[in-house]
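There are 2 protein chains.
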Amino acid sequence: MAKVSPRTLSGFMELLPRQQMKMERMLSILRESYALYGFTPLDTPVIESAEVLLAKGGGETEKQIYRFQKGDSDLALRFDLTVPLAKYVAQHYSELAFPFRRYQIGKVYRGERAQRGRFREFYQADIDVIGDGKLDILNEAEIPAIIYSTFTKLGLKKFRIRVNNRKLLNGFYAMNGMSEKAGEIMRTVDKLDKIGAEKVRELLIDEVKMLPCKAENVLDFMAICGTNAEVIEALERYRGMDGTFDEGLDELIAVTRYLKDFGVPEENFAVDLTIARGLDYYTGTVYETEMTEHPEIGSVCSGGRYDNLAEYYTDKQLPGVGISIGLTRLFYVLSEQGLLSDELVTAPCDALVLPMTEELGFAVAAATTLRNAGVRTQLYGEKRKFKAKMAYADKIGVPFAVLIGEDEMNEGMLSVKDMHTGEQVKLTPDEAARHIAARVAEMNASSVIKE
Amino acid sequence: MAKVSPRTLSGFMELLPRQQMKMERMLSILRESYALYGFTPLDTPVIESAEVLLAKGGGETEKQIYRFQKGDSDLALRFDLTVPLAKYVAQHYSELAFPFRRYQIGKVYRGERAQRGRFREFYQADIDVIGDGKLDILNEAEIPAIIYSTFTKLGLKKFRIRVNNRKLLNGFYAMNGMSEKAGEIMRTVDKLDKIGAEKVRELLIDEVKMLPCKAENVLDFMAICGTNAEVIEALERYRGMDGTFDEGLDELIAVTRYLKDFGVPEENFAVDLTIARGLDYYTGTVYETEMTEHPEIGSVCSGGRYDNLAEYYTDKQLPGVGISIGLTRLFYVLSEQGLLSDELVTAPCDALVLPMTEELGFAVAAATTLRNAGVRTQLYGEKRKFKAKMAYADKIGVPFAVLIGEDEMNEGMLSVKDMHTGEQVKLTPDEAARHIAARVAEMNASSVIKE
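Keeping their order, the protein sequence lines are chains A and B.
Numbers 265 to 715, taken from my numbering, label the letters of the first sequence in order.
Numbers 265 to 715, taken from my numbering, label the letters of the second sequence in order.
I should point out that these hints are in silico values taken from the structure, not numbers from a laboratory.
The structure displayed is predicted, hence computed values, not measured ones.
Wrong hints could be hidden among the right ones.
[Stated by the list, open to error] Below 30 Å or equal to it, Euclidean Cα-Cα: the simulated DSBU-like pairs (lysine-lysine) are:
1. K647/B / K653/A
2. K267/B / K320/B
3. K651/B / K580/A
4. K659/A / K647/B
5. K398/A / K524/B
6. K690/B / K651/B
7. K398/A / K455/B
8. K580/B / K653/A
9. K580/B / K659/A
10. K422/B / K473/B
11. K445/B / K422/B
12. K417/A / K286/A
13. K580/B / K651/A
14. K267/A / K334/B
15. K649/B / K647/A
16. K422/B / K267/A
17. K580/A / K286/A
18. K524/A / K334/B
19. K398/B / K267/A
20. K327/B / K334/A
21. K524/B / K417/B
22. K458/A / K286/A
23. K714/B / K649/B
24. K334/A / K580/B
25. K647/B / K659/B
26. K649/B / K659/B
27. K478/A / K327/A
28. K398/A / K267/B
29. K649/B / K580/A
30. K478/B / K417/A
31. K422/A / K455/A
32. K286/A / K478/B
33. K422/B / K714/B
34. K524/B / K334/A
35. K659/B / K286/B
36. K458/A / K422/A
37. K714/B / K320/A
38. K327/B / K580/A
39. K647/A / K524/B
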């Protein structure tokens, strides 16, 4: 028979079992962590009507989207989880309680140019809090606190959540009479990290056509740094010149104060006036998160406060704040950097039961005892030589092999072999279950990320 | 601004939060249950090359598939999880250990005619064991044992796994010289439940053009019933007439004996000679699972043994056995029948912290204490009247409200209100955490399905 070559499309992540187990661990930590903060899980369709998905329209999005006809329907695959959330909240508005807190972890699709480390199918892991008409500033502090807690549970330590407030920027540009050029200025300032202050000054003067003194003002403002208290003190000097700026400063002060209440250490968050976020719908606090030893990766978790989640679907004003982890990319980067722990059990099972007898009843009963104690157990029923069975145990990387021969069957005992140490002990099925469960729990107490 | 009407495509399930929580519970039980039996989780792309996905080609599948161009690529959305598994195993053959045991729970897509209770996007929850060249019969008994264990954990009791063996059927047709008509006969016999034996006899004679005595033979064979021991005894009478039949009978005897070893009660499985499964690649044991009080639903979990998983991709012979739960449809049916429990906590959180003070530091600390004890906690920061806060607590259906006024803050205590009983007690944060966690655990000990 002519064969079709089995292959996976480029830009689509498909993991081997051991890597997949690490990904599953990350997914499960994210689900638990988000749920612990009182977010409800949502699951919206991957396919939506193109009209609904592209209500906002335009831009890069439209070019990258997977869009197709089926019958008379113009369909598209979701390219993020925010637009489906907006649709969901507008559609089910009367059945939801506000603030509405939801998390969603799901795959999204963007037909980007294929490139190493860029994905066309990738997981986003989002949390958002949506208010009905208004939403308290406390939420803008809680969101980064959740990110801190989640990253910590994953095992990340060296990261920093960088916080800014769009009102500070808008107010600053207004007080300098540069509001019209604000967009252009922000795009230029965004290059500070890459090209340095001198080059940015040149661009501001030559390309954005700013007076040198004004360009200087911008650079002075963006250069404000230090501890969070020092930054806020420096910002206080601008107070009283613009209402929006003052509002933004009050919000920033509230957010940094609450972050302390939430127990986020100062080394894990920093006020950074250069953060603006590209998306034009952010209106208040904005976040980016960098891995401090890998700034080249860029932000691994970003978001912010917006005033109108669903303006394309409803007249209701639905302000919100949210953040998104690009999970597939984060996983890829961690893997490339060798930051994924090898201590976790990544075998399909914790115990491999290897019967060496014809009669399998005792082996089946032993497997059942292990499973009832929560030990993930595979019963190996293939008729192969002992050596082949042990080679299989090695290949799947199982922590424990459970050997059952005639002796064991007659004694009602199990020979439990620790595959790491080679040590073998004879135990009753119940003892074996406790022994294996305890050791596996130790191994799995390790974080999925090891910095 | 002109609004786009927010809507979800027909045939796509999108649940409200409380229903979604029940679906999440089912997903999490399936994941845990499959993992406990030593299956590794896989996650393959939703989009594959159309050539790969349609390697087998033809039939209903091709008409229903979502297929589209993106750039030069001819793409398609997966319509089941078996074809992606075949691709995966063929592609990664040298990196896998056999038997390869995987589970996958994921969405698949079929552009079927829209119809109540039929879905175009739906979850399948599959397990398969793949051998390299051969695979022991034990696996054919373990698969239905896993289904028994999984359904039991979900809370289903009134179900029956119906087991047959294709070799029995093929052998029976061979010994009667009807092999050529076997397909046609099986399709006709499949109507027994619906139209009865008399009508089937007529069809066999008039349409399939069988001699009356042969039609009688078929009906006699299909009418074999009773306890599993009785069925096997009746089948023994055909032994010695056809090699394939005898092989099938030996396998059936082995499977029923092992099922007993696995602890599956006889009332939950039955040998049923009328089960054939439409798919032509099943070659040994086949399964269907019916809810005994709702036979009209049809099979909620089906599968079987096949000899060649990946013949379209590789020359390697990869026999396997697997089973699939159509989860979205099962969920829909359970929901329609009112079989989903209302005892589980379906609120986004277990505790809603309601601060009544300006200063939020103590409330934030209380929320942190609760979360550290595993209590899913929402901190309500909106500045609203007490009545509005309690209305919110009612609307989300939270089991406990935690009230913090000036008194509580000064005393370092929390007022914990049980929203079901109305009872309110003052506790330290640690006591409150233990109190709430214990009560919530009780509520969640209930099964997701209540028959």
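Do the hints match the structure? See the list:
no., hint, verdict
1, K647/B / K653/A, "65 Å, violated"
2, K267/B / K320/B, "44 Å, violated"
3, K651/B / K580/A, "23 Å, holds"
4, K659/A / K647/B, "59 Å, violated"
5, K398/A / K524/B, "61 Å, violated"
6, K690/B / K651/B, "20 Å, holds"
7, K398/A / K455/B, "60 Å, violated"
8, K580/B / K653/A, "21 Å, holds"
9, K580/B / K659/A, "20 Å, holds"
10, K422/B / K473/B, "39 Å, violated"
11, K445/B / K422/B, "36 Å, violated"
12, K417/A / K286/A, "14 Å, holds"
13, K580/B / K651/A, "23 Å, holds"
14, K267/A / K334/B, "24 Å, holds"
15, K649/B / K647/A, "71 Å, violated"
16, K422/B / K267/A, "44 Å, violated"
17, K580/A / K286/A, "42 Å, violated"
18, K524/A / K334/B, "48 Å, violated"
19, K398/B / K267/A, "21 Å, holds"
20, K327/B / K334/A, "11 Å, holds"
21, K524/B / K417/B, "19 Å, holds"
22, K458/A / K286/A, "33 Å, violated"
23, K714/B / K649/B, "38 Å, violated"
24, K334/A / K580/B, "36 Å, violated"
25, K647/B / K659/B, "18 Å, holds"
26, K649/B / K659/B, "15 Å, holds"
27, K478/A / K327/A, "37 Å, violated"
28, K398/A / K267/B, "21 Å, holds"
29, K649/B / K580/A, "22 Å, holds"
30, K478/B / K417/A, "68 Å, violated"
31, K422/A / K455/A, "24 Å, holds"
32, K286/A / K478/B, "58 Å, violated"
33, K422/B / K714/B, "11 Å, holds"
34, K524/B / K334/A, "48 Å, violated"
35, K659/B / K286/B, "17 Å, holds"
36, K458/A / K422/A, "21 Å, holds"
37, K714/B / K320/A, "44 Å, violated"
38, K327/B / K580/A, "41 Å, violated"
39, K647/A / K524/B, "21 Å, holds"
Consistency with the previously given hints fails for numbers 1, 2, 4, 5, 7, 10, 11, 15, 16, 17, 18, 22, 23, 24, 27, 30, 32, 34, 37, 38, ordered from lowest to highest.
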